[in-house]
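J.: Chains as they are written, first to last, in our numbering: chain X, 1 to 287; chain C, 1001 to 1295; chain P, 2001 to 2487.
I should point out that these hints are in silico values taken from the structure, not numbers from a laboratory.
Cβ coordinates follow ideal geometry from the N, Cα and C atoms, glycine included.
A couple of the hints might just be wrong.
Some but not every residue of chain X turned toward chain C, in silico, with C-beta under 8 Å [stated by the list, open to error]:
| # | residue |
| --- | --- |
| 1 | A118 |
| 2 | G119 |
| 3 | P284 |
| 4 | Y287 |
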Amino acid sequence: MNKRLNVRKTHKMFINGKFVRSESERTYNWNSKQIKTSINICQASRKDFRDAIISAKNAFPSWKSKTAYNRAQIIYRCAEIIEGRSPQLIEELALQGISQSKAVTEVKQTIDTLVYFAGWADKYNQIFSTVNPVSSPYFSFSVLEPTGIIVIIPSEKSGLLGILGGIIPTIIGGNTCVTLMPQDYPLCAASLAESLHSSDVPPGVVNIITGFQSELLEHFATHMEVNGLIYFGENIDTITAIEQNASQNLKRVSICHDKDWMYNDSLHPYSILRTQETKTTWHPIGY
Amino acid sequence: MILSNTKIDAIGIKERVARLQSRSIKATSKQQALNLALSMIDLTTLEGRDSPNKVRQLCYKATHLHENFPDLPNVAAICVYAPLVKTARHALQGSNVKVASVATAFPSGMSDIDSKLDEVKRAAEDGANEIDMVISRGRFLSGDYNYVADEIQKIKEVCGSAHLKVILETGELVTLDNVRIASELAIQSGADFIKTSTGKVQPAATPEVTLVMMQAIRDHYIKSGKLVGLKPAGGISKSKQAIQYLVMLRETLGQSWLNPKLFRFGASSLANDILMQIVKQNTGIYQSTDYFSLD
Amino acid sequence: MNSLNLQTDWQYDPAPQSTDHINLKESYDLFINGAFVPAKNNNHRNTINPSNEKIIAKVADAGPDDVNLAVSAARKAYETSWSKISHSERGKYLFRIARIIQERSRELAVIESMDGGKPIRESRDIDVPLAAAHFFYYAGWADKLKYAFPGRETQPLGVAGQIIPWNFPLLMAAWKIAPALATGNTIVLKPAETTPLTAMLLAEIIREADLPDGVVNIITGDGSTGSSLVEHPDVDKIAFTGSTAVGKEIMKKLAGKNKPYTLELGGKAANIIFADAAIDQAIEGIVNSIFFNQGHVCCAGSRLFVEESISDEIIFKLRERMETLIVGDPLDKNTDIGAINSKEQLKRIQEYVKIGQDEGGELYQSKCKLPNTGYWHAPTLFCNVSQSHRIVQEEIFGPVLAIQTFRTVDEVIEKANNTPYGLSGGVWTDKGAKIFKVTQNIRAGVIWANTFNKFDPSAPFGGYKESGMGREGGIQGLLPYLKLNPC
């Protein structure tokens, strides 16, 4: 009996709604601990990052202007798609050394997190906005608006939930983002991107790149088009470097920990606030 | 008639007024303001019970404001109902105090145009130097601006040499936008003065409507170079208020308007309050109304 | 267009605010642990009245040792008293402070105007009442924090280091101190070098209110004192209001320190006048947006955008209006524009005006007479400038307005956002739908529609982009002083 030769997946990055290789044409060799395959993962260059930022910047005005209801629909759709693709994601997680049962749980939790935050899209502004009872004849109100272009450096410990745990609260609030996959857990990038792509997440809203944090970190933190940066981790040197560089254009830096993406602790709207600005508007009342 | 469609923000006007009213007028500048205000008064009596005697008493008052201060200016005019114009004219002979007559079915304006024209003609023939007409507010509020303008133009024609003051009765126009539109209508229809109120409707003159009217006058001047006068009337009884109006006048319209030819106060009790202030300024002693003649 | 004659025969006489009741000391010490103490190194600097260059008082200059003392006093107070007393008692202290500010308002207003040069009308009607209102507002929050953030328990951060600017000395002290105390933190506050006096009065008021020792410490000094405070390891939070350049330095210094910070920084706000605006009120709004407090306002509307069809009228009327602005003695009740805060600031403004002229901007200044001594600058406009001009891009922090025209809504939104700053903005139109379209699309933290420069303790204030991070005022202003824990 002829054994069928399986078709391997090419692991591409996701920039501006397109599946691309690094412009540098570099890859790094990722070795599975489970099977004796090695996989070539794109090694993003600073130019890839730049392109991703351009696409995030271009996507921002229309994504932020979408109705909250619309954003909720898209994120919920994303949950539906991932539900359908669960086996593939479980397989990819397992390939990266996660036990089958843990992988199943992580995928389920990821889907539930998507559903949870889809529900927040049209509510967080109701919780955190205010009508300000000013002592003058003015109507004054404060609402949340997205910070803008956000770079996300997810936890090194998770290949799926940790990544979406950073992305979802960010984009549900109208921001667009560029996310770097963890160097050791890059395999879900393409499947994740495919899921986003087929859920009508507009091109550029989420950009996913793979590569080395050490190479890209400085550019993440210095790029003047970036308005905010979320880092999941404990490395004090990394944090210091990020904050120092971020001061060049006063990026909002959020330093996050495991509890900020792990399922049990992450289900709250405060993670949305990381990438929100308060805008206060005044208008006279009278005739 | 081309209206400018200028918008008014009521809160902005209120804040501007509050800012202007915070000006602190002291010492010489206060003396000057009091004298100026006195010279701008249209000493007014507009009661159903007015009689020739009452008017004669008022005219005497107008020309003898205070025995101890012979250098005081006269008030600008006496303002009476049309049937009393002759009496006033006669009583004021030899003085430079003008006679103003309210007309056009004052204060409501509820009469036909022919009666209004007759009334104005008669007042002018009787010697009124100034005619204070009212606009038809009902027509204005129903949007019939042409009617209102037409009426003013016709009245203007029969005024002859008398100056025409057009009373907008801002208390019935409700919004500052309406005050602005009515001001432009009156100005473009030939008003020599625009005047806030009859004094028979509350609120009468307010600093807010007066400021809006000043701005309309200023905009007309900027475009055409023509100077239109302004008369806030009703509710201005204290010298402090009068000074605040003058501050507003000074900083909105400036030098050309700071005289009785282009600015008047329609008031009955303001003159006495100003006199009290003038005596106080000169003597340093706070005054009592018992020492100031009520006429 | 016919000009009005606004030079009238009738002039206002001087109306100086009485200063009889003002008791200024010759010298002011540091306020540490509930007592007034001299600086360890005994250093002083003079604080002068910018309207006549006369020395008002000597003020202690805190060095690193004094910063240490102040921080440890704040730490001790945090641990021993302030975190122990009930939240409602905490609130009552703030109410007390608010009341005493009201009671001593005239004194505060006069000294504010003497020390900083701002017109007494502004310190009396705006700075001081708003400072009292701020304490009143946050006093009420002290025992209601559990209702502020749903699903979260609040926890104070500890010792807050606060650094404030010279443009609204007392008001900025109130903006900093009130929310920090209401949320249970203790404080080391550093006032600005050129305007320390009302903060020292506030120290007296805090003592008069019997606040426990060390809960609020106020140390005067210059940038180096501020720097020591920022870098002090036992400070748990930094709140800074000042320039964007210094804000960036602070952020850099705090990198990796796991120390929360809030920054209220510079701005270059667009003030947009559409043709369908209430023109005369817009003129007032422009005047208020750029000449309020001599233009020493981070949220000043220093970039004016006028729709082309009305630009001649607006500029004509604005110039006329400028002639009625009274520039002079800050203590005169009729003064609209007071003295420039310092010699350095005046020099900076003058340099920018020169740059504007060299760049080809069309200069217009009101014909007001400036006093001979002191630091003064006439209200100034620049026409014929564009986004590429330096005076359009850079914050001048003075009474200098750069005017550009525009044609379409999209164009003006794009230009309004074409700046690294994002603190405030102004929109003037009578059309409601347009207001919302424009206010939603300006990337700035405070937007005034058909008004400008309005403030209230209940209305959060703060910037987007390089104008800073964090909010002051409102329920939002509590957050920078709290840790939120799941409950």
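J.: Give me the numbers of the hints this structure contradicts, sorted from smallest to largest.
T.: 1, 2
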